[in-house]
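Enquirer: As you go down the protein sequences, you meet chains A and B in turn. Take the first sequence: its letter number 169 is residue 169 in the numbering used here, and every next letter is one higher. With positions in the second sequence counted from 1, the corresponding number in the numbering used here is that position plus 241.
Incorrect hints may appear among the rest.
Claimed, not checked - Facing chain A, a subset of chain B residues (Cβ under 8 Å, in silico):
1. G254
2. A260
3. Q268
4. T273
5. L276
6. N277
7. V288
8. E292
Keep in mind that the hints were calculated from the coordinates and are not lab data. C-beta atoms are modelled at their ideal positions from N, C-alpha and C, and glycine is treated no differently.
Each chain, written out:
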Amino acid sequence: MGFLPFVFPLAELEVGQHLYWQIGNFRIHGQVFMTSWLLIGALLALVVIGTKKMERDPRGVQNLLEFLWDYIRDLARTQIGEKVYRDWMPFIGTLFLFIFVSNWGGALVPWKLIELPSGELGAPTADINTTVALALLVSLSYFYAGLSNKGLRYFEYYVHPTPIMLPFKIVEDFTKPLSLSFRLFGNILADELVVAVLVFLVPLVLPVPVMFLGLFTSAIQALIFATLAAYYIGEAVEEHH
Amino acid sequence: MPTFFLFGASEGGLFDFDATLPLMAVQVVLLTFILNALFFKPVGKVVEEREDYVNTSRAEAKKKIVEVERLETELKDQLKEARLESQKVILEAEQDSENLYKEALALATSEANASREKARREIDSQRDEALNQLKSEADNLGDLIIERLLAKK
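Let the hints inform the model, and build the full structure from the sequences given.
Expert: Here you go:
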């Protein structure tokens, strides 16, 4: 059955098992897409309901959306800077919302009630493919941001403040996506595993604080990912004098 | 077995990269555009419109406060002027009434004096007349007495 030979309702552990969907010559992890579609659907439904009838005096869901918008704007503005944050706010906001919804959806929705032929449903961010995809998007976007804002002068950044920095900055381009993806992946997977193991060992009471801790880390991880992405973009568009 | 699943070479494993990665990337990019159209743009518009509204309202209110303060000082000035004016008017009126009183008093005094004088003169003339009459009567009486005395002899 996988990593640990436990069979227990709601607490079965399957690590590294996937539900494969074959599309042409490619294979994808079905469980990741199923949960991500559900969670994206929920997110979009919330957005559509909240923006259906917006007023100057906000009511109901509009308050929540405006709070989120304000939060994301502050995040983007402080990290990227007043000049270009507007261009990148949707991307940073989408990263934050997608990761947040994925993490919390993975932790809060009792996916284990749904039986799959192989693998199990869980947070989409507990799959390395998702986190690497997000991290690579961040890499691409900070390159694009730097090049589109400063042209080839972007590469001054690599020798700033001294040319000695060049190898470190090049290494950074690789470590940034690595650390981004593994931080998120590791935290979410570890949280799922800890909760699952605890639920298996002590099914009552004890897992609850750990679950709350998991919710906390999930939110923090979404914030960290979005903040770092914004910071990298801000670093790329920053003007050196 | 666990290691096989964790770092599985061909099938499964924690680090099993496949077409999930690019597809997820495409999905997130699509989600970015969808959320931009459905969430970031409309909510941003509403929030920024409200911010503009609040800012313009505040500016207008500030302008109104300045206007009110200006009007207030103007009114205060007017009030002060009016007070001064009224004081002046009161003073003038007081002086006027005093003058009138003095005039009336003077007039009355002079009239009284005049009439007193006239009365005195009348009294004097009457007394003189009376004295003259008395004198003439006394003369007559004297004459009569003398006649009688002479006649008796």
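Enquirer: Now tell me if each hint is right for this structure.
Expert: Checked hints:
1. G254: OK, holds: G254 of chain B within 8 Å of chain A, min 5 Å.
2. A260: Nearest chain A Cβ about 4 Å off; hint holds.
3. Q268: Holds, because the Cβ-Cβ distance from Q268 of chain B to chain A comes to roughly 7 Å (cut-off 8 Å).
4. T273: 4 Å, holds
5. L276: With a minimum Cβ separation of about 5 Å from chain A (threshold 8 Å), the hint on L276 of chain B holds.
6. N277: Because about 4 Å separates N277 of chain B from the closest Cβ in chain A, which is inside the 8 Å limit, the hint holds.
7. V288: 6 Å, holds
8. E292: 10 Å, violated
Hint violations for this structure: number 8 only, all remaining hints satisfied.
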